[in-house]
Each structure stands twice: as structure tokens, then as C-alpha cells.
Amino acid sequence: MRAVRVVAVNVFRESVRDRVPYNLVLFAVLLIGSSYLIGQLTAGQDVKIIKDLGLAATSVFGLFIAIFIGIGLVSKEVERRSIYALLSKPVSRAQFIIGKYAGLVLTLAVNVSVMAVAVYVILGYMVWTEPPTIRAGWDAPGIDPALLKAIFLIFIELMLVTAIALFFSTFSSPILSAAMTFGLYVAGHFNSDLKNFERVVSSKTAARLARGAYHILPDLSAFDVKTEVVHGLPVTFGYLGSTALYGLAYVAALLLVSTFIFSRRDFK
Amino acid sequence: MRQKDLGIAVMAGVAFAAAISIQIARDRWYPRDDPQREQILYVTSGPALQRIALSFDAVLADVYWIRAIQHYGGDRLSGPTAQTKYTLLYPLLDLTTTLDPYFNIAYRFGAIFLSEAYPGGPGRPEQSVALLRKAITVMPHKWQYYHDIGFVYYWRLRDYQSAAVWFQRAAAQPNAPNWLTPLAASMLVRGNDRAAARFLWQQIAKSEEAWLRRSAERSLLQLQALDQIDHLQAIVQKYPPASGEPHTWSGLMKRAGLPGQPVDPVGMPYVLDPVTGRVRVSEQSPLSPMPEEPRPLQ
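From first to last, the protein sequence lines are chains A and B. By the numbering used here, the letter at position 259 of the first sequence is numbered 259, and the numbering carries on one by one without gaps. By the numbering used here, the letter at position 18 of the second sequence is numbered 18, and the numbering carries on one by one without gaps.
Hints listed in this document are in silico derivations from the structure and should not be mistaken for laboratory results. Note that CB positions come from ideal geometry on N, CA and C, so glycine has one too. There may be inaccurate statements among the hints.
Unchecked claim - Capping the alpha-carbon separation at 27 Å, the derived lysine-lysine pairs in DSS-like fashion look like this:
1) A:204 <-> A:48
2) A:149 <-> A:195
3) A:195 <-> B:85
4) A:204 <-> B:85
5) B:134 <-> B:85
6) A:76 <-> A:89
7) B:238 <-> B:254
8) A:89 <-> B:4
9) B:206 <-> B:134
As the list claims (entries may be wrong) - Restraint-style ranges between C-beta atoms, simulated for each label pair:
10) B:120 <-> A:216: 31 to 37 Å
11) A:213 <-> B:257: 57 to 63 Å
12) A:10 <-> B:21: 32 to 38 Å
Take these sequences, add in the hints, and give me the full structure.
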């Protein structure tokens, strides 16, 4: 466990050294700037747009971090040949993989938390400046705790994307890993279309194939509850819990496969 | 394989199976079918989409074409329970043909199915004509588009004058078949007879596209059924039941010496209205709903 912690903390420190937190400054500037501009442009929908923008930016910034750091987690160590020094220490390959993953997830957790705070600060300012008559017309309260549901699922989704990037990183080059991770990310968001394929085609074989693909590909569209949350529609805790559990089980499967592949790699 | 590796592989399999099981359970307990989702057209402006697509407009056209087919197929298979009722068919085909103006099949698909009455299509012949007119602006010498507009005017809008004009325009295009000129003349003289409709569908049935052929073959069977219904109706009138008795197939079979209960061209028994004696195709028949026939000019 100690070995995993050491590797994880190292990954986190490295991401700080790589100036990853700079994106948080960019995020805050984007939100503050857009909240002012949107306030001038929209008729009473500025809070909705700030929420949309805040959640989308959290997701996109997190995605970039997950993919671009995730793909280098293993391959960078191999390219730099630092893997030899690392594996000569009392660190098993499984601990190495899990530690690397945990380090990036820690980075993402810090990022997502800071972004969430920034969104709430901006929303608090909007609530403070808007008169009660305008606030009464909003679909959901300005400072809505339900936003945390969307942020929570964004975080689980980012954990899953990180696991995908790490998985590709164990056997492929960084560029190829980035392309494949991004491809799976896009496919994962269209995945729900495969679920009800039998409503579209009459061929049972095609419908079964589509259903199989629906289960095998990561079901990333399930993590997207942004629209529901922004419009104040209910997202049950049952749905949140089962989706999070699904994400964690998928992450576990990917980490185990990554460990399996990595443990069979020959670094002699 | 080492035992440790095997253990990891087994655990990975178990974790993956757990993920799928949770996914299935979640879909069952917390279904998230959003009817609005189907109706979303992410981008409605073709020119805007063309710019967004950069140099991938042809690929994007293929994506929209697939979406159009899925939308059409989904609503067709859902039948009367369909939520969208083909509302996106025209915009999807319009976007497809804006992204790829030479997407011949998209125009012809629209010509046939946009004009088809509900539940076979949205019943919007004017959208068919709009799409085909768009095709003509891109490919002004393709006689098929003029022919298709003429067909929509004839078969769906029953405007024989306009149909004749469009058939004449089709005949004037290079490589147009020689049957178009007499067809236009026949439109002007008689408006409609079933033979003209049959002839037009037979031409469409020669298409290289399987779905177009299937649609034409179904329409030809419907025309055959209309012939049979006319024949049966004459028999019903010739051999009416005794006063006060209802119309039944068993009674008619005895009176007219029919060998059995008449069936439509796909083998489904015809329905005989006991009160009026009207013969019609069964609602369970794949030929139902029957087309409303164009009427001859008075």
C-alpha cells in the first residue's frame, strides 16, 4: 500500500511540476469573463448558461488532463527508461499501475473540486446581483446542490477515461493511445444509441451485435446528467449510485487488464 | 501463463462481468429513455454544418444519411406508437444533401417516402418536391428527378396537369427514356387510369436500389389488390344476400360459386363489410394501408 501511495504522490507532484494547475486559472478566467459577457447578451438565461458552461468546462478540462497525462503514465517511463530504476525497487508491477492511476485520479479530484468551487462562487455572485423577481423565473435555484450530482458523475467518467488512457498506455505509443482513448470517448457517448437498435432495424442479428457492443463499450452517455441537473429535473440517488458502481467496476476491469498486460511486458 | 497472471485475468473478467451486470440492472431499475432525445437535430442549418464539417462534409453527409434511415426505420417499425412521426426525415435529408449535393439516393428516398401517407411516411409531398427541386438545381440534366416530381404530382397530389408538365420536362433531358412523352400525353388526356400507375411503379421497380424496388413491388401488389377488390365488388353486387341478411363470405361463396374465401396478393383474406358489402384489404395485411387512388378526369 505504501508503494502505491509513493507512486501516486509522485504522479501528483509531477503534474503540478508540469503546470497542470494552470488550467484552473484559465477555467476561472473563462467563467468570470463569460459570466460578464453572457449577462450582457442573454435575457434571463444567464444562470442556466453559466451552469452549462461551468459543467461543460469541468468535463472538457478534465478530459484533456485525463487523456494527455493518462497516455504518458506508463509509456513516458518506458521511453525515459526510468522504468528500469523503478522496477528494481520494491514496487510490483501491479502497484506501479495502481499507483500511477491513483496519482492521476488525485490530480483530477483536485481539479474538479476547484472547478466546482469556482462554478459555485460565480453562481453565488449571480444570485447576489439578480433581483428576486428574476430568480423566481429560474428552472432551478442559482446555488443548486444538485449540480454536485452532475459534477460527481463527471468525476467518475474522468476516472473511467483515465483508466482507458492508462490501459492503452501499457502497450501503445502516446499518440496512438491518445487517438484510441479519444475514439473510445466519442464512441462511448454514442453508445446509448446501440441499446435500442432493435427499434431501428428488423434484423435480429444486427440488433444483438449492437446490444453486445453496447455492453462492451464504456457507456459514457450514462454519466451525462448535466441537462437534467441544470433544468432542475430529478436525478435519483439510485441512478447516481448504480452508474458510479458501473464506472468503478469498469475501471477495476481496465486496471486489472492493464496490470495483466504490463506484467507480461519484457523490459530486458 | 503464470498462476498470478491467470488470477489477474480471471479477476479482470469478473470485474467486467460485474460492470455489465450493473449496467443491465441500472437500465432496468432506472430507465433513462428520453423521448426528446430522438427529436434533437443538433445543427439545423445546412450551410453552418458545412462550415463546421471542414473537409469532412462527405463523411458527415453519410452520418446524416444513416441518421435519416434510422429515423425512418425506427418510426416505421414502431408503427402508430412512434413518437416522432417522421418529423425529422425532411431536415435530415435536407442536411444530407446540403453536405453532399450529389447524394442521389437521398433525393430519391425523400421523393418516395416523404410523400407517402402516414403511417408509411409523413405524408408531405410538398417536401418531396422541395427536395427534388434542390436536386435539379445541382444536377439539372438528370431526367429521374423531373420524373420523380411528376410522379409525386400524379400519385400523391393528383395534379395531372403539373405531372404532365414535369414528365415532359423529364422527356426533354438527355438520355431520357422514350416512354415519358406518351406518359405525359396520357396524363393530360385521361388524368389517371390504373395502367398508368402500374406502368410508373414498374419503372421504379427497375431501380438498382433494393429498398426502392421493394417499395415499388409493394405498390404494384396494392394495385393488383385494387383490381381484385373491383372484381369482388362486382360479384357482391351481382349476388346480394336475401333482404335483411348480412353480407358474409360463406353466403357469397355459395351464391356465386366461389372456390374459397378470397385472399389478397400476399395471402391475407379480404374483409367483407356485413352491412355495406364493401370489400377491403384486412388491416393485418402487409398491404394495408391501401393508397388512395388518383381519380380519372371527368
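Going through the hints against the structure:
| no. | hint | in the structure |
| --- | --- | --- |
| 1 | A:204 <-> A:48 | violated (42 Å) |
| 2 | A:149 <-> A:195 | holds (24 Å) |
| 3 | A:195 <-> B:85 | holds (21 Å) |
| 4 | A:204 <-> B:85 | holds (23 Å) |
| 5 | B:134 <-> B:85 | holds (24 Å) |
| 6 | A:76 <-> A:89 | holds (18 Å) |
| 7 | B:238 <-> B:254 | holds (13 Å) |
| 8 | A:89 <-> B:4 | holds (20 Å) |
| 9 | B:206 <-> B:134 | holds (24 Å) |
| 10 | B:120 <-> A:216: 31 to 37 Å | holds (36 Å) |
| 11 | A:213 <-> B:257: 57 to 63 Å | holds (59 Å) |
| 12 | A:10 <-> B:21: 32 to 38 Å | holds (35 Å) |
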